[in-house]
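Enquirer: Make a model of the complete structure from these sequences and hints.
Residue numbers (the numbering used here), protein chains in the order written: chain A, 1157 to 1342; chain B, 1428 to 2308.
In short, the hints are calculated from the structure, not lab data. Be a bit skeptical, because a hint or two may be false.
To be verified - Keeping only pairs whose Cα atoms sit at most 27 Å apart, straight-line, the calculated DSSO-like set for lysine-lysine is:
(1) A:1184 - B:1743
(2) A:1201 - B:1743
(3) B:1858 - B:1832
(4) A:1206 - B:1464
(5) B:1836 - A:1208
(6) A:1206 - A:1179
(7) A:1184 - A:1270
(8) B:1464 - A:1270
(9) A:1270 - B:1533
(10) B:1908 - B:1793
(11) A:1270 - B:1858
(12) A:1201 - B:1464
(13) B:1520 - B:1591
(14) A:1184 - B:1858
(15) B:1805 - A:1206
(16) B:1836 - B:1857
(17) B:1743 - A:1206
(18) A:1184 - B:1504
(19) B:1533 - A:1179
(20) B:1464 - A:1179
(21) A:1271 - B:1464
(22) B:1756 - A:1206
(23) A:1206 - B:1857
(24) A:1184 - B:1464
(25) A:1184 - B:1756
What the hints assert, rightly or not - Some chain B residues flagged as far from chain A (calculated, every beta-carbon gap over 10 Å):
(26) 1458
(27) 1548
(28) 1628
(29) 1670
(30) 1805
(31) 1878
(32) 1963
(33) 1974
Claimed, not checked - Only part of the chain B face toward chain A is listed, based on derived beta-carbon distances under 8 Å:
(34) 1493
(35) 1497
(36) 1523
(37) 1530
(38) 1597
(39) 1604
(40) 1641
Using N, Cα and C, we set each Cβ at its ideal position, and we do this for glycine too.
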Amino acid sequence: MTNIQDPTCPVVKCILLLDSEGKRIAVKYYSQDWTTVSSQSNFEKSLWNKTKGTNARQEAEIVMFDDYIAVYKYVGDLMFYVTGSQDENELILYSVLQCFYEAVSGLLRQQIEKKTVLENLDLVLLAIDEILDGGIILETDPQLVSSRVTMRGAEGEGPSASMGGAQTFSSAFASAKEHLARSLLK
Amino acid sequence: MASTAQDSTAPLRGPEKKDEEDMGEETEFSPFYGIDKGAVLQESRCFNDPTPDARRCQQVITKLLYLLNQGETFTKKEASEVFFASTKLFQNKDVNLRRMVYMCIKDICPSADEVIIVTSSLMKDMNSTTDLYRSNAVRVLCRIIDSQLLMQVERYLKQAIVDKSPVVAAAALVMAQQLLAANTEIVKRWVNEIQEAAQSKNHMVQFHAVALLHALRATDRLAISKLVSSLTKASVKSPLGQCLLVRYVAQVVADSQPGSGTEQRPFYDFLESCLRHKAEMVIFEAARAICNLKDVTSRELAPAITVLQLFLSSSKPVLRFAAVRTLNKVAMTHPLAVTNCNIDMESLIVDQNRSIATLAITTLLKTGSESSVEKLLKQIGGFMSDIADDFKIVVVEAIRSLCLKFPAKHRALMNFLSNVLREEGGFEYKKAIVNSILLLIQESGLSHLCEFIEDCEFTFLSSQILHVLGAEGPQTKEPSKYIRYIYNRIILENATVRAAAVSSLASFGAKVESLRPRVVLLLQRALLDNDDEVRDRATLLLKQLGGSAGGAGAVAPTLDIALSNMERMLSDYVAGPTDRPFDITVVPKSATETRRSKGGAGGGGGGGASAVPAPSASSAVKASTTEEYVELLKSVPALAHLGGDIFKSCEPVRLTEEDTEYAVFAVKHIFDSHIVFQFNCTNTIAEQADEFEEETVVPLDSMPLNAVGHTFTVLARPPNSWALGKMANILRFRVKEVDPSSGEVEEEGYEDEYQLEDLEVTPADYIKPVVVPNFRNSWEELNPESEKSDDYGLGHREGLQEAVEAVISILGMQPCEGTEAVPPNARSHTVLLAGIFVGNAEVLVRMSFGIDSASDVAMKLVVRADTDKIAEAVHSIIQNA
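Expert: Structure below.
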């Protein structure tokens, strides 16, 4: 939950990834507006009901209801939502949404469907964690987000990372193998 | 968002399991199919293995996080077990596993005394050479530490803020923003580092540094203004940072004194330059800031409107929505400035996004010219049925204002309203339509009638219309325009019409304060009329408008009491021998249901004990109405000397547990100088007949099965004072056995006592609700020195409405002007209450409620009354509640 005191700071109230039936796959709430699971799921239901009939495949759409602004986009059989207060700059929320679905598409090699997302739920949750912290926007560049999710550049802890040359062939091979294995598993 | 305590902890997976059969195929794909918390917790033991399998551990953590995400909760013990186990994974070298562990610790964070064991691992990572370890360690550490621990790691956090790796610096700055609330002093010490970070080339670092610099100065207006001027000169590159800066500038502009006349607004140039920024979010933020400037001029608006107009034709719905929403707001104050966008706006009427379409239409309705009205209506009619009710209401309101603007298009607009009235829709929507139509009838209808009486030859119709004008005219938007028509009647018509016109005119003067001096002037001319009635009316009304003879309120008195009650009270008054003048304030306000014939109402005093009504047993539970009480009390000879006028009868209070042998309810009747306690007793045991013996002024003769008997106790108190206290009640009686077979009552019986619950007399019993027609006036009439004000915390509440209702019911006063209804989502609310204290002392209360994010409600209570003592008494009601 967020403890931001400064009202001028742009804040995301919640970020949601729902399936085509409105069921939650990965969500993160940063606002005291929803403290119970049932109030969260009520919100998800009404948001989904409001938006399910609209076409948000080409371009992200926007809806205003209940004092909130939600920007959303459908990709495959998934619905990505980013919600903020009604006074929030719509375009800031949009930049978060864009980063969210682009980072997830990148991480899942464009295989955006419920099945792959569930199989790689760790990556999706990490992406959310890298984009937002306590509702504050941490990063909006999808490339950076996905490289941080996969901890690129952190393989081989310690000196080996800073002095690339010292990396032995076997460890480089091992990490390449691990990379390959992970990408095949996806 | 109704949720019971039970629901709030229930995870969301419930329904998924239920329709397992028909979803079987699909759920089988899910790696989480049939997931079970116990099993996952069991699996998490693998963290403790001496050589844990990194891949497997990651999967287990994912499962744990999945459970959390679906709303599953872990008990404290479960959480700390998982936490301890996962800290072991810090030994593992796998980077991806490490990343998962970081997230896991943040989400499953146990109590503060346990986090200590992980801090050393995190500190190690904070000094790691890997950027991502440092940044994540900072984020986890700040999430779990308290201020004491924060002091220890302060040094590292300061370093992290100026770290050359942007990901570390941004993480440290974001954490500082969140720590700020609880640790302002510590974060303030980092200001030099934050300043340095604000110069960073990295966009996110700069953005967060700027936000933090502002947050640190949030309370100091001067410091903010300095910060803003230095930041606007330096170049803030980050688009998000620039957005922040625009917000700060708007804040500074709003706080600064408005410049005189032509002087240019400070920082306007900066806002204008932001309109040419590369990033759309900055352009929009600046345009929005300009549109929201106080007293913005059309010249200042022009560049902002131009960029918003470009947004209108964007391919992105988000941009179109943002632009049209802002323009819609501008159209309310500066319709002309927006007319340039009308062509772009018209193409948005058919936008796929209904929110955009509706906003476009309402904007057009506000800015449109008379000639485009019909075209617009046709376009709106096409999709009215497709949009949500709340948007329909917006459309209806826009149409209403259009009607008032273009009377010539009245017919077309009215037609539209009547068509939509016939379509499907919810209550609020229909209400908006009906209200609009009523308003239009009033506005246009009245002006038609005014035209008509200009040359009306029928005296009867003229005076009728004049009466309607007097009643309805003052509520319209422009009451002054009717004055001319009415005054013309005073000059030109016959005596009857002149008299009606004088009354009608005076009612404008009474209800519309601003018109009063002008009305008085006009009425003075009627003083020399050659007809008696006209002169008399004018004289009386002038006096009343001048404040004497009942004041302006008496010009058009509103009778807010039920006429049936009035009639009964008056007939009682006439029947009884009394010298006192009739007091209208004792007439009950709400219409009471008359359940019994009023046959014996007049002479109840002499009726004797036989007149005691014997309602059915269940009626003891029902709240009897005041009217019934009056008749009941009158029918008791011992109480007849009290007179019939009860000041107030309180709601019945139960003095016994439910389902006991004897059910006793007490009703407090407040008289001017007495309190009467009425005890309604019901015997629920068969085979016993009870008899009251003592302790009561009016003993109950017998208490047969399941019938209600009444007994009364009268206490005297000084007139118009209020005695408070608690009374212990004991029901003493003689029990007589009844032979079930013969039905005969035993001779002797035995004494018995029955302990009842205490009955309390509180100040609230001495107040009764009363309707005040104009709260503001009444408030100002009361002596301001009697004003008593105090603040109260009401603790945790469901919402404002609940708090308001609770306080109103405790005080037992009448909410005025509809203030008892709290608008949805309001964070604060003011309630006006009026009441009358025994002895006809007026008391008015103004309560301001506020609710904070934790749903704690605070209340400020301001009381004005005829005397200080009463004001204090009202406070004491709240203090004791």
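Enquirer: Failing hints, ascending?
Expert: Of the numbered hints, 4, 5, 11, 14, 25, 26, 29 do not hold.
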